[in-house]
Structure formats: structure tokens, C-alpha cells
Amino acid sequence: EDQVTQSPEALRLQEGESSSLNCSYTVSGLRGLFWYRQDPGKGPEFLFTLYSAGEEKEKERLKATLTKKESFLHITAPKPEDSATYLCAVQALIQGAQKLVFGQGTRLTINP
Amino acid sequence: NAGVTQTPKFQVLKTGQSMTLQCAQDMNHNSMYWYRQDPGMGLRLIYYSASEGTTDKGEVPNGYNVSRLNKREFSLRLESAAPSQTSVYFCASRFGTGSSYEQYFGPGTRLTVT
Chain L
1 EDQVTQSPEA LRLQEGESSS LNCSYTVSGL RGLFWYRQDP GKGPEFLFTL YSAGEEKEKE
61 RLKATLTKKE SFLHITAPKP EDSATYLCAV QALIQGAQKL VFGQGTRLTI NP
Chain D
1 NAGVTQTPKF QVLKTGQSMT LQCAQDMNHN SMYWYRQDPG MGLRLIYYSA SEGTTDKGEV
61 PNGYNVSRLN KREFSLRLES AAPSQTSVYF CASRFGTGSS YEQYFGPGTR LTVT
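Residue numbers (the numbering used here), protein chains in the order written: chain L, 1 to 112; chain D, 1 to 114.
Certain hints may be false.
Distance condition first, Cα-Cα at most 20 Å in a straight line; then the derived SDA-like pairs of lysine to any residue [to be verified]:
1. L:Lys-99 / D:Lys-57
2. L:Lys-99 / D:Thr-54
3. L:Lys-59 / L:Lys-99
4. D:Lys-71 / D:Thr-5
What follows is a set of in silico ranges between Cβ atoms, one per label pair, in the way DEER data are often shown [said to hold, decoys possible]:
5. L:Gln-14 / D:Ser-84: 22 to 30 Å
6. L:Ser-18 / D:Glu-79: 48 to 56 Å
7. D:Ser-18 / L:Arg-61: 27 to 35 Å
Bear in mind the hints are in silico, worked out from the structure with no lab data behind them.
Every residue, glycine too, gets a C-beta built ideally from N, C-alpha and C.
Bound conformation, chain L alone:
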């Protein structure tokens, strides 16, 4: 069964304190791994797509990396505005169609 597990469930950091969020997955034939940011009361906002092991993508203070079994979202010197829930999803072939399987998210809080 295709599964996505994110850890930790919640993470509280001080402003400037770098850390990483983890997304581990089991899927037959990975077609893509996606990271989204979700602010309270809003829809998920697309951040990155990673397609193959070794690939990296960066955007401001965020860098996403991918291995054969997991992805990391590294956040460097975070600011309070980086506080959000970060969702990971994998593209999987389910019942003959390409679909996204989501993890439960990591709720990140950056204290000033």
C-alpha cells in the first residue's frame, strides 16, 4: 500500500534556528514527490516537485532533497513568517490513474 509519513508532527523553533522536516514514503514507481505549505484557514500552496533521487530544489530559506525512501525539507535561519503546516505528497499509480497520496503534515512554529 502506498504510504507517506511525515515527522515530526509539530516542531517549534526559535527564529534563526535551522532544522529539517522529514517525509518518508513507500510507493511503487515514484513519479514525483511534492511539498506544499498550508497556512491556517487557507488551501495548500505548491512549493516544490522532486522527481528523482539526488534532486534538490531551493526557494528562499527552504531546500528540498530526495532519496529513494525519503525527502527532507531543510529550513535555514527561519523567520516567524515561515510558520505554517508543511505537507508532503507522492504521485502514485492507484487503480489505473495517477493520484497524490498526502502525509499528515508537520506543523512548524517559529518564535521571534
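Given chain L, work out where chain D should sit, using these hints.
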């Protein structure tokens, strides 16, 4: 360019009432999706439409119906609402062709069934 829009933003229903959630996108995407998001459960796919004129069940379709009205619009209907359908509903869309699989989400509809 509004992206994906959803109406209404909030709704309260009594058990047994019906309603339709509306979704529209202006990105010329082929595929559209309906998800529900519940605490601790993540986003779960209800129904999707790979292209205009087609719809298919997702992970949790029971109690819902959908209509792909045209390329832009994809509606979700609750025929007889139940408290278990209290959730936040998100519509999403993507191009549906090539290697670009990322989906773009609307702002959500927060539904409470009493």
C-alpha cells in the same frame, strides 16, 4: 488570474439537508479534484475528473456525487448530509498531461453538519 476559486467559504447544514460545493479554475487545466481534510487524517481524495466529461471515485466517495460541468467547473454534491461529513473541502486542478503533476488548490469550504 484567480487560480482555483471555491464557493461558499463556510456552510452549516442540518443532518439530511443537501448542498452543492462549487469550484472553478481559470488556468486551462484538464484535471480537477475534490479532497476533504480532517484533523490527523491528511488530505483524502473524494472524486476526480481527469478531463472534461469524465469523473472517477477516489479514496472516500461514499455520500458524495460530482459533476464536471465544463473544463472550468467541477462541483461536489452532498445529497443527504451527515455529521461525518463535517470537514474542510478543497478543490484542486492540474494540467494533466506531460510530466507536470503538481496540483493547485483552492481556499477551501468549511462545512459543519449538525
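Do the hints match the structure? See the list:
Using a Cα cut-off of 20 Å, the hinted pair L:Lys-99 and D:Lys-57 holds, with the two alpha carbons roughly 11 Å apart. Distance check on the hinted pair: L:Lys-99 and D:Thr-54 sit about 15 Å apart at the alpha-carbon level, within 20 Å; holds. Between the alpha carbons of L:Lys-59 and L:Lys-99 the distance comes to roughly 25 Å, so the proposed pair goes past 20 Å and is violated. The suggested pairing of D:Lys-71 with D:Thr-5 holds, with an alpha-carbon distance near 14 Å, which does not exceed 20 Å.
Distance hint check for L:Gln-14 and D:Ser-84: the Cβ-Cβ separation is about 40 Å, which falls outside the suggested range of 22 to 30 Å. A hinted range of 48 to 56 Å holds for the C-beta pair L:Ser-18 and D:Glu-79, which are about 50 Å apart. For the pair D:Ser-18 and L:Arg-61, the supplied restraint of 27 to 35 Å is violated, since their beta-carbon distance comes to about 46 Å.
Hint compliance for this structure: hints 3, 5 and 7 are not met, and every other hint is.
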